[in-house]
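Line by line, the protein sequences are chains A and B. First residue of the first sequence: 1, per the numbering used here; consecutive thereafter. First residue of the second sequence: 1, per the numbering used here; consecutive thereafter.
Please note: incorrect hints may appear among the correct ones.
[Claimed, not checked] Straight-line distance between alpha carbons at most 20 Å, and here's what the computed SDA-like set of lysine to any residue pairs gives:
| no. | chain 1 | residue 1 | chain 2 | residue 2 |
| --- | --- | --- | --- | --- |
| 1 | A | K223 | A | G201 |
| 2 | B | K6 | A | T250 |
| 3 | A | K166 | B | C23 |
| 4 | A | K223 | A | T259 |
| 5 | A | K123 | B | M26 |
| 6 | A | K328 | A | W339 |
| 7 | A | K164 | B | E25 |
| 8 | A | K367 | A | Q83 |
| 9 | A | K116 | A | H100 |
| 10 | A | K2 | A | E139 |
| 11 | A | K164 | B | C38 |
| 12 | A | K331 | A | L365 |
| 13 | A | K123 | A | E143 |
| 14 | A | K164 | B | V21 |
| 15 | A | K134 | B | M26 |
| 16 | A | K170 | B | A51 |
| 17 | A | K56 | A | E108 |
| 18 | A | K2 | A | K123 |
| 19 | A | K80 | A | K241 |
| 20 | A | K223 | B | P20 |
| 21 | A | K223 | A | L343 |
| 22 | B | K6 | A | T249 |
| 23 | A | K223 | B | S54 |
| 24 | A | K223 | B | D40 |
| 25 | A | K164 | B | M26 |
| 26 | A | K166 | B | T27 |
| 27 | A | K166 | B | V37 |
| 28 | A | K134 | B | E25 |
| 29 | A | K324 | A | Q314 |
| 30 | A | K223 | B | A51 |
| 31 | A | K166 | B | D42 |
If you are wondering where the hints come from, they were derived from the structure by calculation, not from laboratory data.
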Amino acid sequence: MKQHYDIVVVGAGPAGSTAARFAANLGASVALLERDREIGVPVRCAEGVSDSELRKYVDIDPRWIAATITNFGFFSPSGKMVQLLSQANGYILHRRLFDHSLAEIASEQGAEVFTKAYVYNLKRTDNKTTVYLKYIGREREIEADIVIAADGIESRIARFAGIKTKLAMKDIEQCAQMMLANIDVNPNRGDFYLSHNWAPGGYVWVFPKGNNIANVGLGINGKYAGERSPLEYLESFVSEKFPTATRLTTIAGGVPVTTHLSELVTDGLMVVGDAARQVNPLTGGGISSAMAAGKKAGLVAADAIKKGDTSVKQLKRYQTEWNKTIGKDYKRFHRIKAWTLTLTDDDYEEIADALQGLSPDEVTLTKIFMAAVKNKPSLIVDVMKVFTGL
Amino acid sequence: MIRIDKNRCDLCGVCISVCPVDCIEMTETELSIDEIVCIDCDACVKICPFAALSTVGKE
Numbered sequence: 001m002k003q004h005y006d007i008v009v010v011g012a013g014p015a016g017s018t019a020a021r022f023a024a025n026l027g028a029s030v031a032l033l034e035r036d037r038e039i040g041v042p043v044r045c046a047e048g049v050s051d052s053e054l055r056k057y058v059d060i061d062p063r064w065i066a067a068t069i070t071n072f073g074f075f076s077p078s079g080k081m082v083q084l085l086s087q088a089n090g091y092i093l094h095r096r097l098f099d100h101s102l103a104e105i106a107s108e109q110g111a112e113v114f115t116k117a118y119v120y121n122l123k124r125t126d127n128k129t130t131v132y133l134k135y136i137g138r139e140r141e142i143e144a145d146i147v148i149a150a151d152g153i154e155s156r157i158a159r160f161a162g163i164k165t166k167l168a169m170k171d172i173e174q175c176a177q178m179m180l181a182n183i184d185v186n187p188n189r190g191d192f193y194l195s196h197n198w199a200p201g202g203y204v205w206v207f208p209k210g211n212n213i214a215n216v217g218l219g220i221n222g223k224y225a226g227e228r229s230p231l232e233y234l235e236s237f238v239s240e241k242f243p244t245a246t247r248l249t250t251i252a253g254g255v256p257v258t259t260h261l262s263e264l265v266t267d268g269l270m271v272v273g274d275a276a277r278q279v280n281p282l283t284g285g286g287i288s289s290a291m292a293a294g295k296k297a298g299l300v301a302a303d304a305i306k307k308g309d310t311s312v313k314q315l316k317r318y319q320t321e322w323n324k325t326i327g328k329d330y331k332r333f334h335r336i337k338a339w340t341l342t343l344t345d346d347d348y349e350e351i352a353d354a355l356q357g358l359s360p361d362e363v364t365l366t367k368i369f370m371a372a373v374k375n376k377p378s379l380i381v382d383v384m385k386v387f388t389g390l
Numbered sequence: 001m002i003r004i005d006k007n008r009c010d011l012c013g014v015c016i017s018v019c020p021v022d023c024i025e026m027t028e029t030e031l032s033i034d035e036i037v038c039i040d041c042d043a044c045v046k047i048c049p050f051a052a053l054s055t056v057g058k059e
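Only chain A is shown next, with the shape it has when bound in the complex (with noise of 0.2 Å):
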């Protein structure tokens, strides 16, 4: 480890990994540091990635890919299921193996990477930043010109950094996942249970990973909080659904559901992934806008260094960059996701019911929210805006 860096990257995710790549392309000298002891673990993610957002940043390598989803089952409160395939082929992922290689990536690239690198402070002097971390139980210091926060949904470096980054409760998803193994599932189709008793404000997932494996987890929305933990909603659904499922992993966390941070860029500093908030609001799916934001933000701080100029003017133009992109769209499925909020179980049931006796070819993702907005007209227009790209 080196006393100075060009850039310091904080948080070895899919949005730090793919800054770092990025920005060492061009010629900066990057550290890429991981608080845990594996890159990638422990791995609190449902795992599931459209093929054809992925392949926008990185070559796909099928030792990453546990399945392929080619449909998904919607089932209602009391078990009616709307079948669909999808339009591009999904994947659900080995998150630590693709982890590990988009650090190895970025370190092909010329990133320095670290783990059991925790920082725990951040000094702004002199158009420099001291960064303080514990290295493998040592304290350190080094000296960066640009600091890249993507630690995750805590994101306390962009606080150390000044920008407000609280969350509202219901701009949560609390979370709580089991891999299970033993189970009887549809090798190719994700799954997806609505309803207030099974998760109220989300929904439960059973994402198959080959081999009678699945991730079956959910999210409850943040306004539910307090009363039942999602680990215990978790174990009511398991209990019912596969109550003979071998249990390999119990994890839990959260995902933000909002729109981004209002600022994603201060003097020497960007903030990236879950810590900026860059989580698609409707679904919770965050690591292809991860990587999204990642090679942005990589891109413009190598380009800043370049040009030596690494103050908040020049960082802007990836928080720019991101408002007319991907930024855009989440804000539209983030209103698409206030209304889903106030959808009841009979609203659930009567969207099942309006798609009863389709084939699944029939039945499009437009039309399961035309039948479910057709009480609010005001949605239309975002809804068709969503599903025609617009």
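With chain A's structure known, arrange chain B on it following the hints.
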């Protein structure tokens, strides 16, 4: 005050994201709360997905 069940805490960081006064600190091995700064709003207690946090002295 807030009691942390350190056997349950998985260091997922969600509590930190809801704290209105930034009184929760997380090292690589443990969570701690600065009780002088804490305003006992219970946001962290409610949001913890592992139910590792609880309020004591407020019944």
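Inset, instruction - Would you mind confirming whether the straight-line C-alpha gap from K223/A to A51/B stays at or under 20 Å? - result: holds, 16 Å
Inset, instruction - For the pair we were handed, K331/A and L365/A, check the Cα-Cα distance against 20 Å. - result: It holds: about 19 Å lies between the C-alpha atoms, which stays within 20 Å.
Legend entry - Pair hint outcome, K123/A versus M26/B [Cα-Cα no greater than 20 Å]: holds, 18 Å
Inset, instruction - Quickly compare the C-alpha distance for K324/A and Q314/A to 20 Å and report which way the hint goes. - result: The hint holds at about 17 Å.
Legend entry - Proposed proximity, E108/A with K56/A (alpha carbon, max 20 Å): Roughly 19 Å separates the two Cα atoms, so the pair holds.
Inset, instruction - Below or equal to 20 Å on CA atoms is what counts here, so check K166/A against C23/B. - result: holds, 12 Å
Inset, instruction - Mind checking the alpha carbons of K223/A and T259/A for me, to see if they're no more than 20 Å apart? - result: holds, 17 Å
Legend entry - Proposed proximity, D40/B with K223/A (alpha carbon, max 20 Å): Holds. K223/A to D40/B sits at ~18 Å (cutoff 20 Å).
Inset, instruction - Sort out whether K123/A lies within 20 Å of K2/A, counting only the CA atoms. - result: Cα-Cα ~18 Å, so holds.
Legend entry - 20 Å Cα cutoff - pair K164/A, C38/B: holds, 18 Å
Inset, instruction - Sort out whether K241/A lies within 20 Å of K80/A, counting only the CA atoms. - result: Given pair K80/A, K241/A holds - Cα atoms ~15 Å apart, limit 20 Å.
Legend entry - Holds or violated: K328/A to W339/A, with C-alpha atoms at most 20 Å apart: holds, 18 Å
Of the hints listed earlier, there is not a single one the structure fails to meet.
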